[in-house]
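Working from the sequences, and respecting the hints, build out all of it.
Number of protein chains: 2
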Amino acid sequence: MTLAQLGADVIRIDPPGGRLDWRRWPVTDDGTSLFWCGLNKAKRSVVIDLASAQGRELATALICAPGPEAGMLLTNFPPRGFLAYESLRAWRPDLIQLTIQGDRHGGSAVDYTVNPRVGLPLLTGPVDADDVVNHVLPAWDLVTGHMAAVGLLAAERHRRLTGEGQHVRLALEDMALAVMGHLGFIAEAQLGRQRERVGNDLYGAFGRDFPTADGERVMVVGLTPRQWRGLCDATGLGAEMAQLSQELGLDLDAEGDRFRARERIAALIAPRLRERTLAQVAAAFDAHGMCWGRYQTVAQLVQSDPSCSTATPMFSTVDQPGIGPCLKPGLPLDFSAIERAPARPAPRLGQHTEEVLADVLGLGGAEIGRLFDQRVIGRDAGA
Amino acid sequence: MTLAQLGADVIRIDPPGGRLDWRRWPVTDDGTSLFWCGLNKAKRSVVIDLASAQGRELATALICAPGPEAGMLLTNFPPRGFLAYESLRAWRPDLIQLTIQGDRHGGSAVDYTVNPRVGLPLLTGPVDADDVVNHVLPAWDLVTGHMAAVGLLAAERHRRLTGEGQHVRLALEDMALAVMGHLGFIAEAQLGRQRERVGNDLYGAFGRDFPTADGERVMVVGLTPRQWRGLCDATGLGAEMAQLSQELGLDLDAEGDRFRARERIAALIAPRLRERTLAQVAAAFDAHGMCWGRYQTVAQLVQSDPSCSTATPMFSTVDQPGIGPCLKPGLPLDFSAIERAPARPAPRLGQHTEEVLADVLGLGGAEIGRLFDQRVIGRDAGA
Numbered sequence: 001m002t003l004a005q006l007g008a009d010v011i012r013i014d015p016p017g018g019r020l021d022w023r024r025w026p027v028t029d030d031g032t033s034l035f036w037c038g039l040n041k042a043k044r045s046v047v048i049d050l051a052s053a054q055g056r057e058l059a060t061a062l063i064c065a066p067g068p069e070a071g072m073l074l075t076n077f078p079p080r081g082f083l084a085y086e087s088l089r090a091w092r093p094d095l096i097q098l099t100i101q102g103d104r105h106g107g108s109a110v111d112y113t114v115n116p117r118v119g120l121p122l123l124t125g126p127v128d129a130d131d132v133v134n135h136v137l138p139a140w141d142l143v144t145g146h147m148a149a150v151g152l153l154a155a156e157r158h159r160r161l162t163g164e165g166q167h168v169r170l171a172l173e174d175m176a177l178a179v180m181g182h183l184g185f186i187a188e189a190q191l192g193r194q195r196e197r198v199g200n201d202l203y204g205a206f207g208r209d210f211p212t213a214d215g216e217r218v219m220v221v222g223l224t225p226r227q228w229r230g231l232c233d234a235t236g237l238g239a240e241m242a243q244l245s246q247e248l249g250l251d252l253d254a255e256g257d258r259f260r261a262r263e264r265i266a267a268l269i270a271p272r273l274r275e276r277t278l279a280q281v282a283a284a285f286d287a288h289g290m291c292w293g294r295y296q297t298v299a300q301l302v303q304s305d306p307s308c309s310t311a312t313p314m315f316s317t318v319d320q321p322g323i324g325p326c327l328k329p330g331l332p333l334d335f336s337a338i339e340r341a342p343a344r345p346a347p348r349l350g351q352h353t354e355e356v357l358a359d360v361l362g363l364g365g366a367e368i369g370r371l372f373d374q375r376v377i378g379r380d381a382g383a
Numbered sequence: 384m385t386l387a388q389l390g391a392d393v394i395r396i397d398p399p400g401g402r403l404d405w406r407r408w409p410v411t412d413d414g415t416s417l418f419w420c421g422l423n424k425a426k427r428s429v430v431i432d433l434a435s436a437q438g439r440e441l442a443t444a445l446i447c448a449p450g451p452e453a454g455m456l457l458t459n460f461p462p463r464g465f466l467a468y469e470s471l472r473a474w475r476p477d478l479i480q481l482t483i484q485g486d487r488h489g490g491s492a493v494d495y496t497v498n499p500r501v502g503l504p505l506l507t508g509p510v511d512a513d514d515v516v517n518h519v520l521p522a523w524d525l526v527t528g529h530m531a532a533v534g535l536l537a538a539e540r541h542r543r544l545t546g547e548g549q550h551v552r553l554a555l556e557d558m559a560l561a562v563m564g565h566l567g568f569i570a571e572a573q574l575g576r577q578r579e580r581v582g583n584d585l586y587g588a589f590g591r592d593f594p595t596a597d598g599e600r601v602m603v604v605g606l607t608p609r610q611w612r613g614l615c616d617a618t619g620l621g622a623e624m625a626q627l628s629q630e631l632g633l634d635l636d637a638e639g640d641r642f643r644a645r646e647r648i649a650a651l652i653a654p655r656l657r658e659r660t661l662a663q664v665a666a667a668f669d670a671h672g673m674c675w676g677r678y679q680t681v682a683q684l685v686q687s688d689p690s691c692s693t694a695t696p697m698f699s700t701v702d703q704p705g706i707g708p709c710l711k712p713g714l715p716l717d718f719s720a721i722e723r724a725p726a727r728p729a730p731r732l733g734q735h736t737e738e739v740l741a742d743v744l745g746l747g748g749a750e751i752g753r754l755f756d757q758r759v760i761g762r763d764a765g766a
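Protein chains in written order, with our numbering: chain A, 1 to 383; chain B, 384 to 766.
Hints were generated in silico from the structure; no laboratory data involved. Each residue gets a CB set at the ideal place from its N, CA and C atoms; glycine is no exception. Worth double-checking, as some hints may not be accurate.
Among chain A residues calculated to face chain B with C-beta under 8 Å, some are [stated by the list, open to error]: (1) Val110; (2) Tyr112; (3) Leu191; (4) Cys291.
Below is the structure:
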C-alpha cells in the first residue's frame, strides 16, 4: 500500500469471495472490514480464480506484463507451482518477485507468535508483573511491510541500472531478530546481562507516566539535556535535583545516571503534577518546550485531537464504498517536488477486474464476458 | 543503516565527543554503547565541529559531493541555518534531503510521547487492568526509520528519472497516525465503537497464551482455517468445538465467531495443554503444522534458539571495536541477484574522518593535519 500511495499502480489479485482479510476485524455491523479498507487504499482489485489453469495464465500475464513500471510481484504465497520464480521468469526474464514468509524455511509464523519468541512480552508491563504482556500493535508486521517496500525499491533500482530482475525473500522472524540485534538486546544478552522490566519507564534515561489532579495521565520525557532542563524548570525542581545529584553521588546531567536515580526523581516530580490539572501541566510543559504526551483513548484522539483530522494535510475525508465518508491518512512522507495526493479509498473486491484486463492485457469485451461466464474471473462483489 | 546494509556508503557526521546515542544505554561496564553499535553498523563515522564556520563548510561539501551515488542527506536536525534546504541546494541543485521530525510543525516528540496519544497503552495488558501499559519496543521509531529509507529510495528514483532533487519531511507523529488509520483503529472510533482491552488475545479471531505442565508458556494461533483445523486436531478437540458451535449458535470456522467464543474455546484448550510439557506440546503442534510460539527471555533466545545464531545466514560474528566478537544481524532481505554481505561493525566515533576527507573531498595530508590541529575535525575517539 505504501507504494500505491507513492503513486504506483498496485493491482491486488484475489480469488472469488476474497481472502481472509476481506472480512477481517474490525468490521462494521454489516460485516464490511475496516481492516481491509485501511490496508488496501489506492490499490486496484482484480478477482481471478487461481484454481483454474486459465486463471493462472491470466495472473501470470498480469504479473509479467511488459514495461519498466511493471513486472514486480509482492506476495506471501510460497514461491512454488505457477508462482515459482523460475516459472514466472520464463514470461519475463527481469521479473522482480518479493516473497514475504513466516520463518526463513517457509514455516508458519505471525506477529503474535514471533513476539513471544524474541522476549519482549516478558519485559512489558508493571515492574512487579509476573505474567507475559503481548503488544497490541502488530509492530513486526508493520516493520516487515515497510522493509518489503525498501526491498522492492532496491530491486527496481538494481534492475534499472543493470537490467537484472531477481527473487527477494523476507521472513517476518528474521526481521524481528534483526531489530532485536539493532537495538542492542542481543548484544546485552550475549554479555550476560538480563534486562529487567522497567514498567512504563523510558529505558536508559528519565521518562515516566504521572497522574494529574483531574484524573488524567501524562508521559514525561527527559532524554536530551534540553528536555531534562525543561523538566526541572517546568516543575520548579532544579534545586531539588541538584541536591539529589549530590546525595546520590550521581551526575543527573548524564542519561544513565538519570535512569539509575529514576525512582527518586519520580518521587520528586509526582507531587508537583498531582496537584495540577492536565491544562495547567500542559501550559507549564509547553512554555518550557518540553517533550511530553497525554494518555488518551483512540476515541479521544479521533474526536478531539486536531492532529488526527483534516487539519493535518496527510488526512482527507474519503468516501469509502461500503462505509461512507471516512477520515483516511495518505502517505506520511511529504515530498517537496511531488504534490501530496489525497488519500484514496480501498477498492471493493473485484472492482477493477474488467478495467485491468482491458488496460493491462488488452482483452476485448467479448473475451472478458466469456471469462466471467466461465467463472475464471469475478466481478465487483458489491455490485 | 538499512541503506548502509544494502551497500550504500553512509557517512555519519558527529560533533567532537559524539551525540547522545554515542553513550546511550544499554552500555557495557566501561560505557561502550550497545545501542550505538547496533544502530550504526556498516556506516563510516566522521567527526566535524559544526559550531565552526570551517566545519560547516566541510560538512556542506560532504553533503553536496558530486556524483549520482552522492548528494543525499538524512537528518533529524531542523532544516535551518546551513542545513536549510535552500542553502544546501546552492551547492548541489539536485540534492535530496530527508528531515525526520517529531511532529509536523517541528515540535518535540519521541516514541514514548507519541504512543500514549494514539491510545494503545490503554488497550495493552490484562483485561482487568486499569492502568496504562507502554510498549517496550520503540515501534514508531522503527516504522519511521524504515519509511525514511523508502522516502530516500523513492526520491532517488525520482531524481534518476527527472534530474530533480527535493526536500522530504517525515514526522514521527504522522507516521503513527497513518498506521492507526491503516489498521482500522481510526475508522472504528469514527463509527463510535470503543475497542476494549483483550489481554493477550489475538483480536478478531482465536489466539491466546497458555501455560504448560512444566511452567512454560505458549502462544497459540488459530487465525486461518488451516491453523484452526490444526489446533482442533493437535488438541483432539474437534468434536468439542463442533458441539460448542452448536451450543452458541456460532460458526467457529469464521474468524469473528472464534473471537466471540474465545473464552469458551480457551476453557476447552487450557486443560489439554496444562497436562503436557512444552516438549510434548511442541511435538503435537509441529506434527499438525500449527502456528504457535513459545515465550522465552532474550537470554534464552540468544543462548538456545538456533534462529538467533550464525546457523541463520543473516547473522555473523563480528569483531566490534570496544566490545569484541558479537553476534550481529545483516539485512533481513535476501536478494537472489546480490550476494548476502555479512554484517559489518559499527565504527568508532571519528574512525573515518581522515579517510573520508581524503576520498570524498580529495583533501591532502597537510590540509587534514591543519584541520585536526585547529580542532575543526576530530580523530577516532578510541585511538
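Going through the numbered hints above, which ones does this structure break? Give me the numbers in ascending order. Violated: none.
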